[in-house]
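Novice: Residue strings, one per chain:
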Amino acid sequence: MNDPYKVLGVSPNATEEEVKAAYKELVKKYHPDQFEDSPLKAEAEEKMSEINNAYDEIINSMRSNSYSYANADENSSGVNYYEVRRHIQAGDITTADNILDSVPQNVRNAEWYFLKGSVCYTRGWLNEAYQHFSTAVSMAPANAEYRSALNQMDQQRNGYMRGNPMGSYANGRNGQLDCCTTLCCADCCCEMMGGDLIPCC
Amino acid sequence: MFGYIRAFKPYMRMCEYDTYNAVYCGLCKEIGRKYGFVPRFSLSFDFTFLALMDMSLNKTDLCAKKQRCIAHPLKKRFCVCCSNGLEYSASSAMLLVYHKLKDDLQDKSIKSKLRSVLLLPFFKCPYKKARANYAELAKSIEEQMASQRAIEQEKCASIDKACEPTALIMQEIFGALGNAGNKQNLMRFGYLLGRFIYICDAFDDIRDDCKKGNYNPLLLIFDSDDNNKVIDDERFAKIKDYVSDSINFTLGELAESYVKLEVENYKPIIDNIIYLGLKNVSDMVLKEKFKRKLREVKDDERSV
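First to last, the sequence lines map onto chains A and B. Numbered by the numbering used here, the letters in the first sequence go through residues 356 to 556 in order. Numbered by the numbering used here, the letters in the second sequence go through residues -9 to 294 in order.
Just so you know, these hints were derived from the structure itself, not from any lab. Every residue, glycine too, gets a C-beta built ideally from N, C-alpha and C. Please note that a few of the clues may not be correct.
Unchecked claim - Taking lysine to aspartate or glutamate pairs in the EDC-like style, the calculated list, with each CA pair at most 20 Å apart, reads:
(1) B:K151 <-> A:E483
(2) B:K279 <-> B:D222
(3) B:K151 <-> A:D456
(4) B:K230 <-> A:D509
(5) A:K379 <-> A:E401
(6) B:K230 <-> A:E483
(7) B:K173 <-> A:D447
(8) B:K92 <-> B:D222
(9) B:K119 <-> B:E133
(10) B:K202 <-> B:D97
(11) B:K228 <-> B:D273
(12) B:K90 <-> B:D191
(13) A:K396 <-> A:E380
(14) B:K145 <-> A:E483
(15) B:K228 <-> A:E483
(16) B:K151 <-> A:D452
(17) B:K228 <-> A:D509
(18) B:K173 <-> B:E252
(19) B:K90 <-> B:D199
What the hints assert, rightly or not - Stretch by stretch, here's where chain A covers chain B in the computed footprint (C-beta under 8 Å, at least three residues):
(20) 233 to 239
(21) 242 to 252
Given only the sequences and the hints, what does the whole structure look like? Please build it.
Specialist: Here you go:
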């Protein structure tokens, strides 16, 4: 297989944003829809799949690298948190929990609390999950992943139920008014991430 | 038995209400047909919900007939008949009620002890019959009841752990409704529903348990030093906040798994139960009105 960096035309030191931008450009150029009824269609498809593979490879290696960076200082506890993540994603909660429990109390960091929270969450132990997520966020306030997990549970804590067709029969802690506040907050969050929930504000 | 899973009637359309009642009546009759007269009176709305979910997921068409029934001798009512959904719900109701009664035998209060001594003989036969049909379910319920007793004995202070046996029983019961595609989701759904039931039940009993010194995880979370038989207001408010949060977490997650199930048949009724009924029940439980309200509802039905 070709060098993925050459396929996308970026340097091996490129950031994630640069890779994404290059990928978008190439997709625009080679998208098979543009070659409908053209003899080049088969070639375009082949090129597209090459681009996709290259992109996946680069992004995946970036992600796993960032984990291994994050793990570099944790390795004092001798635990690979990336592996724990893999176990959780595969649904092997017991193994993940056993690995986490082997970490002594004094070296547990934000990542540990986040993963422990995820384990509890998957089990349905929601009270414990909430506690662990809170701890993770207070230890690493800048981490968006931890924060979004906590935010979701905070919404539920205030009585949010997905798919509710009946509107607000709110029994949240703060009553009716909180619904608006939540919406505003959700809007702010969306805007922060580049989207928009309430278009007019 | 518990009766925490029920519809919120003021927000139901008449046709939905009729269907809901028809399932209830049909289930009652099914228990009568299969298991005899006395067990019919153990029926609760929880199993009506189970029957509804079963009928919904298996896309059973509603076939109802107007029939007379012993609880309402004057008026003919719609009853659902001939559906597999009823059979499963009726059997799991028998399994659970039997274990509940057996559990009550160990209870400290004379009243519930006496009640279960009197009632148990009527449920022994139905239990054996249901167990013959659903051996696996019966076995896992038995196991979970044992671990429930273990948790009570070790006086576990974690609400998450204390919920687990009830939640796992419901997980098993609801999981059996699913096929390969939605089984995982249904299991999660059942788990959370069981969790909801346990938390509501624990809070409902809290003053009683405190007075009698029974095990209740909520009392242990906010332990007080003195062995007071009465919960003071400050402690009670703390417990109430904690329970409110726990219930909201549980219902929020329940909704997540419910949405993924993509229920189609009987959706308005099931929506009503999930989004309004459960909230309404938990509201009443938190305001300590649920048990009183139950009695009122029963009186109400008798006077009709």
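Novice: Each hint needs a verdict: does it hold in this structure or not?
Specialist: Verification of the hints:
Distance hint between B:K151 and A:E483 is fulfilled; the C-alpha atoms sit about 10 Å from each other, no more than 20 Å. Of the supplied pair hints, the one linking B:K279 and B:D222 holds, its CA atoms being roughly 19 Å apart against a limit of 20 Å. For the hint linking B:K151 to A:D456, the alpha-carbon distance of about 17 Å falls within 20 Å, and the restraint holds. Pair hint B:K230 plus A:D509 holds up; C-alpha atoms about 17 Å apart against a cutoff of 20 Å.
Straight-line distance between C-alpha atoms of A:K379 and A:E401 comes to about 17 Å, which keeps the hinted pair within the 20 Å bound. Of the pairs offered as hints, the one joining B:K230 and A:E483 holds, with about 17 Å between alpha carbons and a cut-off of 20 Å not exceeded. At most 20 Å may separate the alpha-carbon atoms for a hinted pair to count; B:K173 and A:D447 meet this at roughly 17 Å. Proximity of B:K92 to B:D222 is assessed by CA-CA distance (about 33 Å); at most 20 Å being required, the pair is judged violated.
Taken as a hint, the B:K119 and B:E133 pair is honoured in the structure, with Cα atoms around 19 Å apart against an allowance of 20 Å. Proposed proximity of B:K202 and B:D97 is supported: the alpha carbons are some 11 Å apart, at most 20 Å. A distance of roughly 16 Å separates the Cα atoms of B:K228 and B:D273; the hinted pair therefore holds under the 20 Å criterion. As the CA atoms of B:K90 and B:D191 are separated by approximately 13 Å, the hinted pair is consistent with the 20 Å bound.
With a CA separation close to 18 Å, the supplied pair A:K396 and A:E380 stays within the 20 Å bound. For the hint linking B:K145 to A:E483, the alpha-carbon distance of about 18 Å falls within 20 Å, and the restraint holds. Pair hint B:K228 plus A:E483 holds up; C-alpha atoms about 17 Å apart against a cutoff of 20 Å. Proximity of B:K151 to A:D452 is assessed by CA-CA distance (about 15 Å); at most 20 Å being required, the pair is judged to hold.
Of the pairs offered as hints, the one joining B:K228 and A:D509 holds, with about 18 Å between alpha carbons and a cut-off of 20 Å not exceeded. Proximity of B:K173 to B:E252 is assessed by CA-CA distance (about 13 Å); at most 20 Å being required, the pair is judged to hold. Among the hinted pairs, B:K90 with B:D199 is consistent with the structure: their alpha-carbon atoms are about 17 Å apart, no more than 20 Å. With 5 residues having a beta carbon nearer than 8 Å to a beta carbon of chain A, the segment 233 to 239 of chain B meets the requirement of three or more and the stated coverage holds.
Coverage of the segment 242 to 252 of chain B by chain A holds [criterion: at least 3 residues with CB-CB distance below 8 Å; count 7].
In terms of the numbered hints stated before, the structure departs from hint 8 and from no other.
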